[in-house]
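A.B. asks: In order, the protein sequences belong to chains A and B. 157 is the number that UniProt numbering gives to position 157 of the first sequence; each next residue is one higher, with no gaps. 317 is the number that UniProt numbering gives to position 317 of the second sequence; each next residue is one higher, with no gaps.
Keep in mind that the hints are not guaranteed to be accurate.
Pairs of lysine to aspartate or glutamate residues, derived as EDC-like cross-links and limited to a Cα-Cα distance of at most 20 Å, are as follows [said to hold, decoys possible]: (1) A:191 / A:86; (2) B:294 / A:14; (3) A:75 / B:361.
No lab work stands behind these hints, which were simulated from the structure alone. Keep in mind the model is a prediction, meaning the values are calculated, not measured.
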Amino acid sequence: MKRLEVRNMTKTYDEGSSTITALNNVSMEVDAGEIVAIIGPSGSGKSTLLSAVGALLQPSSGSVIVNGKKIETLKEKELAKFRLNEIGFILQTSNLIPYLNVLDQLLLVKKMAGKVSSADQQFAKQLLADLGLEKKLKKFPNELSGGERQRVAIARAFMNDSSVILADEPTASLDSKRAFEVVQLISNEVKKRKKAAIMVTHDERMLTYCDRVYRMEDGVLTLQS
Amino acid sequence: MFLALKEIKHAKLRYSMITMIIVLIAWLTFILSGLGNGLSTLSAASIKNLDAHYLVYEEGSGSKFSKSLISASLKEKIDAQSEVEDSALFGSAMAAVSKKGIDEKTDIALLGIEPGSFIEPKVIEGKKLDKNIQNGVLANKTLQDKGYAIGDEIKVDSSTIVLKIVGFVENETYNHLPVLFSTVEQWRAYQFAAPGANNGIEDVVNAIAIQAPNLDAENFSEKIGGIETATKSQAINGMPGYMEENGTIVMMLVFLVAISAFVIAVFFYVLTIQKTQQFGVMKAIGAKNSFITKAIVSQVFVISLVGILVGVVLTYLTALVFPEDMPFNLDPTLVVLYGFALLLISVLSSFVCVRQVSKVDPLTALGRVE
Numbered sequence: 001m002k003r004l005e006v007r008n009m010t011k012t013y014d015e016g017s018s019t020i021t022a023l024n025n026v027s028m029e030v031d032a033g034e035i036v037a038i039i040g041p042s043g044s045g046k047s048t049l050l051s052a053v054g055a056l057l058q059p060s061s062g063s064v065i066v067n068g069k070k071i072e073t074l075k076e077k078e079l080a081k082f083r084l085n086e087i088g089f090i091l092q093t094s095n096l097i098p099y100l101n102v103l104d105q106l107l108l109v110k111k112m113a114g115k116v117s118s119a120d121q122q123f124a125k126q127l128l129a130d131l132g133l134e135k136k137l138k139k140f141p142n143e144l145s146g147g148e149r150q151r152v153a154i155a156r157a158f159m160n161d162s163s164v165i166l167a168d169e170p171t172a173s174l175d176s177k178r179a180f181e182v183v184q185l186i187s188n189e190v191k192k193r194k195k196a197a198i199m200v201t202h203d204e205r206m207l208t209y210c211d212r213v214y215r216m217e218d219g220v221l222t223l224q225s
Numbered sequence: 001m002f003l004a005l006k007e008i009k010h011a012k013l014r015y016s017m018i019t020m021i022i023v024l025i026a027w028l029t030f031i032l033s034g035l036g037n038g039l040s041t042l043s044a045a046s047i048k049n050l051d052a053h054y055l056v057y058e059e060g061s062g063s064k065f066s067k068s069l070i071s072a073s074l075k076e077k078i079d080a081q082s083e084v085e086d087s088a089l090f091g092s093a094m095a096a097v098s099k100k101g102i103d104e105k106t107d108i109a110l111l112g113i114e115p116g117s118f119i120e121p122k123v124i125e126g127k128k129l130d131k132n133i134q135n136g137v138l139a140n141k142t143l144q145d146k147g148y149a150i151g152d153e154i155k156v157d158s159s160t161i162v163l164k165i166v167g168f169v170e171n172e173t174y175n176h177l178p179v180l181f182s183t184v185e186q187w188r189a190y191q192f193a194a195p196g197a198n199n200g201i202e203d204v205v206n207a208i209a210i211q212a213p214n215l216d217a218e219n220f221s222e223k224i225g226g227i228e229t230a231t232k233s234q235a236i237n238g239m240p241g242y243m244e245e246n247g248t249i250v251m252m253l254v255f256l257v258a259i260s261a262f263v264i265a266v267f268f269y270v271l272t273i274q275k276t277q278q279f280g281v282m283k284a285i286g287a288k289n290s291f292i293t294k295a296i297v298s299q300v301f302v303i304s305l306v307g308i309l310v311g312v313v314l315t316y317l318t319a320l321v322f323p324e325d326m327p328f329n330l331d332p333t334l335v336v337l338y339g340f341a342l343l344l345i346s347v348l349s350s351f352v353c354v355r356q357v358s359k360v361d362p363l364t365a366l367g368r369v370e
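Let the hints inform the model, and build the full structure from the sequences given.
C.D. replies: Right under this line is the structure:
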């Protein structure tokens, strides 16, 4: 059993009288410890796929299977829980909570699940140290550089020890040096912590860190290498 | 609470401004309630202080002392009723008094009561009323500030009557005026000096206060005949201007509270809308609606609580600098009551925002920079 499977997923939108097919019979698999990239032009359906895998969007047909469990069978409330426990989202730099310091950004994830234990505190500090942020624990997002913010977002995604890591353009708005660092960090953490990761990116230079590369074009996903 | 407090700490200016609005609203509410309370005390304190359950008036007087004239002889008939435990005569008049050495005349209310009856107020200085000192009066303490003292002989305007202060009482005002309590006979001598002013009723009084916890007022009025029976609160509402004054203040308070509910709701609504993106992010990383709801409501609660407490402190500080004779009377029970009402209203108004939160789509978190 693979960690993450997408089976024959199709997503269509009605726009006026015409129907737009954002995802056309997409299938893919990612195993634990693997990081795969999805590249493709804007509007090709990459984000739609990521949203569907992250349980933010209901596909028109097909399934997402995480650890053998089909997520379309989950109810609204269970979906929030599923996102909390099984999915780690690495969002773009702007998506940290502006009034929480670096450590609290991570602890927030635990707060959502209930109480924060001292083991959680230790784990958060460990994660941040892994990502070279041990000196920035009490900094707020506006006091960090773009690269540092993105590393906090990465740490946050790993905080809930989820099965799947989804990265949405993690290198957007970073210069190439920082971009390489960030992707390398994601890749390292994915391997070390045995996660199944999907990274949506525009930036073809980042693909060396990925195990496989899929190309998305007009809703059709093809394996590239 | 975690998010709520962290956010307040981070955006001190924004939240202190919102708190300031709540402080001002609370402040105004408490001051208005103090004024309302002060005015109603001034208007009818002596009636509120009566240790009576009911008051008996002349039929057709509409529970107003000024329109009611009944004979004191009714007292016997009233006392004979089994429900009645005790009764006491009561008369009221407006007058102006002066004494030698004081230029200005002072407006007072002259209330006639029977010495030793249950409606005689507690004397805080000097002696009680005495049947044998016919011109003895108990004066409200505020007259001390105007230069009156025990033993003073005071002249009643438009008459030849000279009264003598035998004691002081406190918190006794009637129709916005300080009260002089005299014997019923002395009161009659002033009020009905003109022949025929008593409508030809012998031993006339304005009303009879009765102590009767289980009285059927309508039945009772019919049994005695020629009277109407009002509860004490009806009697207070019958005081001239009492309802109008109270109504004005209550209307202002109701409007204030309603407006503040809107203002607070709008402020938090705008704040919430500004944070739509953040809530989207939180939902994307797994926050349930209830988690965000708790954060918002607890934040509103903390801000309102602080605002209201500061408002209370400010109110008590302002009360210190108000002029002495301003009718301002803060009732701690009312302060607590209005404080809770404001708190409840702000928390309820925050639920408008909560509805907004449940509508936030976590997909907004994937909004692109490119």
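A.B. asks: Hint by hint, note whether the structure agrees.
C.D. replies: Each hint, compared with the structure:
no. : hint         : result
1   : A:191 / A:86 : holds (17 Å)
2   : B:294 / A:14 : violated (36 Å)
3   : A:75 / B:361 : holds (16 Å)
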